[in-house]
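Engineer: Read off the chains here:
2 protein chains.
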Amino acid sequence: MKQSKLFTKTQKFAPKDEVSKNAQLLIRAGFVHKEMAGVYSFLPLGLRVIEKIKNIIREELNAIGAVEMEMTALQKSETWEKTGRWDDKIVDDWFKTNLKNGTELGLAFTHEEPLTNIMKSYISSHKDLPKYAYQFQTKFRNELRAKSGVLRGREFLMKDLYNFSLNKKQHEEFYEKMKEVYMRIFTRIGIGDRTFLTMSSGGSFSKYSFEFQTVTDAGEDIIVLDKEKRVSINKSDFSEELLKDFGIDKDKMNFKEVKAAEVGDIYTLGEKYSKALGLTYKDENGEEKNVYMGSYGIGVPRIMGVVTEIFNDEKGIIWPESVAPFRVHLISLNKNEEAEKIYNDLTGKGVEVFYDDRNARPGEKFADSDLIGIPYRVVVSEKSLEKGGVEVKKRDREESKIVKVEELLKNFA
Amino acid sequence: MKQSKLFTKTQKFAPKDEVSKNAQLLIRAGFVHKEMAGVYSFLPLGLRVIEKIKNIIREELNAIGAVEMEMTALQKSETWEKTGRWDDKIVDDWFKTNLKNGTELGLAFTHEEPLTNIMKSYISSHKDLPKYAYQFQTKFRNELRAKSGVLRGREFLMKDLYNFSLNKKQHEEFYEKMKEVYMRIFTRIGIGDRTFLTMSSGGSFSKYSFEFQTVTDAGEDIIVLDKEKRVSINKSDFSEELLKDFGIDKDKMNFKEVKAAEVGDIYTLGEKYSKALGLTYKDENGEEKNVYMGSYGIGVPRIMGVVTEIFNDEKGIIWPESVAPFRVHLISLNKNEEAEKIYNDLTGKGVEVFYDDRNARPGEKFADSDLIGIPYRVVVSEKSLEKGGVEVKKRDREESKIVKVEELLKNFA
Chain A
344 MKQSKLFTKT QKFAPKDEVS KNAQLLIRAG FVHKEMAGVY SFLPLGLRVI
394 EKIKNIIREE LNAIGAVEME MTALQKSETW EKTGRWDDKI VDDWFKTNLK
444 NGTELGLAFT HEEPLTNIMK SYISSHKDLP KYAYQFQTKF RNELRAKSGV
494 LRGREFLMKD LYNFSLNKKQ HEEFYEKMKE VYMRIFTRIG IGDRTFLTMS
544 SGGSFSKYSF EFQTVTDAGE DIIVLDKEKR VSINKSDFSE ELLKDFGIDK
594 DKMNFKEVKA AEVGDIYTLG EKYSKALGLT YKDENGEEKN VYMGSYGIGV
644 PRIMGVVTEI FNDEKGIIWP ESVAPFRVHL ISLNKNEEAE KIYNDLTGKG
694 VEVFYDDRNA RPGEKFADSD LIGIPYRVVV SEKSLEKGGV EVKKRDREES
744 KIVKVEELLK NFA
Chain B
344 MKQSKLFTKT QKFAPKDEVS KNAQLLIRAG FVHKEMAGVY SFLPLGLRVI
394 EKIKNIIREE LNAIGAVEME MTALQKSETW EKTGRWDDKI VDDWFKTNLK
444 NGTELGLAFT HEEPLTNIMK SYISSHKDLP KYAYQFQTKF RNELRAKSGV
494 LRGREFLMKD LYNFSLNKKQ HEEFYEKMKE VYMRIFTRIG IGDRTFLTMS
544 SGGSFSKYSF EFQTVTDAGE DIIVLDKEKR VSINKSDFSE ELLKDFGIDK
594 DKMNFKEVKA AEVGDIYTLG EKYSKALGLT YKDENGEEKN VYMGSYGIGV
644 PRIMGVVTEI FNDEKGIIWP ESVAPFRVHL ISLNKNEEAE KIYNDLTGKG
694 VEVFYDDRNA RPGEKFADSD LIGIPYRVVV SEKSLEKGGV EVKKRDREES
744 KIVKVEELLK NFA
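Heads up: the sequence lines are chains A and B, in that order. Each number in our numbering comes from the position in the first sequence (counting from 1) with 343 added on. Each number in our numbering comes from the position in the second sequence (counting from 1) with 343 added on.
These are computed hints drawn from the structure, not numbers from a lab.
Since the list can't tell identical chains apart, any single copy or any two copies may satisfy a pair.
No more than 30 Å apart at the CA atoms, straight line, and that leaves these computed lysine-lysine pairs for DSBU-like:
#1 708 <-> 753
#2 348 <-> 618
#3 359 <-> 625
#4 632 <-> 470
#5 632 <-> 348
#6 482 <-> 397
#7 359 <-> 443
#8 425 <-> 439
#9 482 <-> 377
#10 419 <-> 355
#11 432 <-> 443
#12 397 <-> 692
#13 352 <-> 625
#14 439 <-> 490
#15 615 <-> 512
#16 364 <-> 736
#17 708 <-> 463
#18 578 <-> 599
#19 419 <-> 364
#20 432 <-> 419
#21 602 <-> 570
#22 364 <-> 443
#23 463 <-> 482
#24 482 <-> 352
#25 753 <-> 730
Take the sequences, apply the hints, and build the full model.
Structural biologist: What follows is the structure in structure tokens.
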């Protein structure tokens, strides 16, 4: 993409009411626009990062036979009354609205109920199970406070996957598989080494549960962590009993308390929703049984925010290659003819290039490039051409080197 | 995708309250699920069609230098009060909701105001113009009635593009270009020959306006059409004055009234929003001027609905290749070993294949395939293998032929 076509510009300052580092950086670099607390528009560069994260998740979920769909935000009360979750006293972060005829509707904060309801049309026999469905869908949550930038949104894109299984055993096999899938996703995104499968308190169907926590000062949680042994426990659920139940000998652990942000959760739902909504199947003996379920969430902008919090320096963001909006930031210093050719050659080879073709001062171009944080900076200038090529610098390194144009094309292709 | 992984099944009947043909077919074939009138979830097959339509639109818009972004559903009153459109008496299809602290929010039915507001951060000089931004975003419209299936949604995905130009002249150049872009989009989707640029009444800034109308009995509009000469006028705006203004001699026209569905609209907004919200730029003489705008919408599920209404027979849907959920429906009749190899070979070559690996009767498989409507049906059976290959049939043709497997792979690659 040519930078001259982009309508955003970098900004010196973020809005005064924006206290989180992730949103400050993302706003200043032109990735997001703050509509109100917890509600962010995704500008072109930001949307590209969101799509990168979605694609990594999508590839990993498709690979295990999960199928993508998309449910609605608007929800009718009937479905939710069956599980008791329509009541604002039970679920305190609903946004509610009304049809013209007065009928009250809700804006989905999650999708267990509507999906369980949909599945009633399609699941009736043990032969129909297991099935795995997921979506990327906007969730609405009426948070009292929203001060963590894109980490906690009142409106945000979530990947939520649901499994529908025959029984506890079949569910647990999938649940274990999802632990690995999630670690693969976080590793590909570039936060694997600081993300830990973390024990926490269970829901209705299990004494304990698991979540994925990424170590960052911006996190709202505290985990008790042995980094070496990769043993992590949510501090609020840390107890002698838990240690005993998991066979953990505290004396052999090097536990430290660190701040962390939850980046994924995996829940055993059991028969709670299938029973309430009547999602059953006939087993091999013709006996009617409740479908056994689980749910698995990842907040996509939250991942973007966590990555921003972790990978930055005083100059700006430093995107990991896998989720960067572009791979190469090509900067022309009054050499647009030569740069344009390189831009066409690179994009022709499928390389994602952000090309600064603007008529601006070198210092401004470099400062913008550092703030935006694309992994490779390639400068075409009088000086670089005299030295026989272009100047290549990685965002996270100080040193640069001159590379011949043919070599550049070969290296990136 | 293997059909055994898909959780949907075809159904004999659609819900009784569903009167529109498009929704009846799409529900029965497992493309959408009706949550309530005008609110549909997109099931895996349906989401694939939506993504195909989005990609065609995206490619055509990126090609003219438009840049993709994504705004929010939740809207604060301040932005909309400036144009008077917050008032429910002015805009009667708002969904409104409330924050915990009582602040009233709206769910966007369009995005002129928030985007104009965003642009204030980035546009200040004539050098910043023109710019083109678009998004695919869920719109919420509190329609009194919603009986046209996916043609008219209370919650639906819309592509909306906005141009920000120096003046009327620069705007009009882009407006003319968009007419061509829209026709290219509709042609690629397969409805070009029955889609007409249609004259209709203007908005605040022009006496007349244009919309794209596709001839279909499911349409809610009536157009006065000379098909041969491709002259089309919205009946509600047909007048002697309009004919005179456009230099149309009625006697030389072969006008007929036909039902049509609006598939795209292109509006000149002029300075209405920039003036109200203070989006100005300094021209070359340092003079402050209002930015000149236009907006261009396409309802994505509406396109899916129109295609369904047009391309079907008594057996089901007949998708045009460009928007079909898959290109090939591979059906194994107890020959899963042979079929699986073909499936792997075809998908390995990048062909999108829906593979019916289910243990079901041939009649059921064929009926499902006809209802779902994938362009090419490829059957692997004892009989076809005896004859030396697989049986290939186009969805819209009666005849089939036996094709050698190597030939099949070559033809589709």
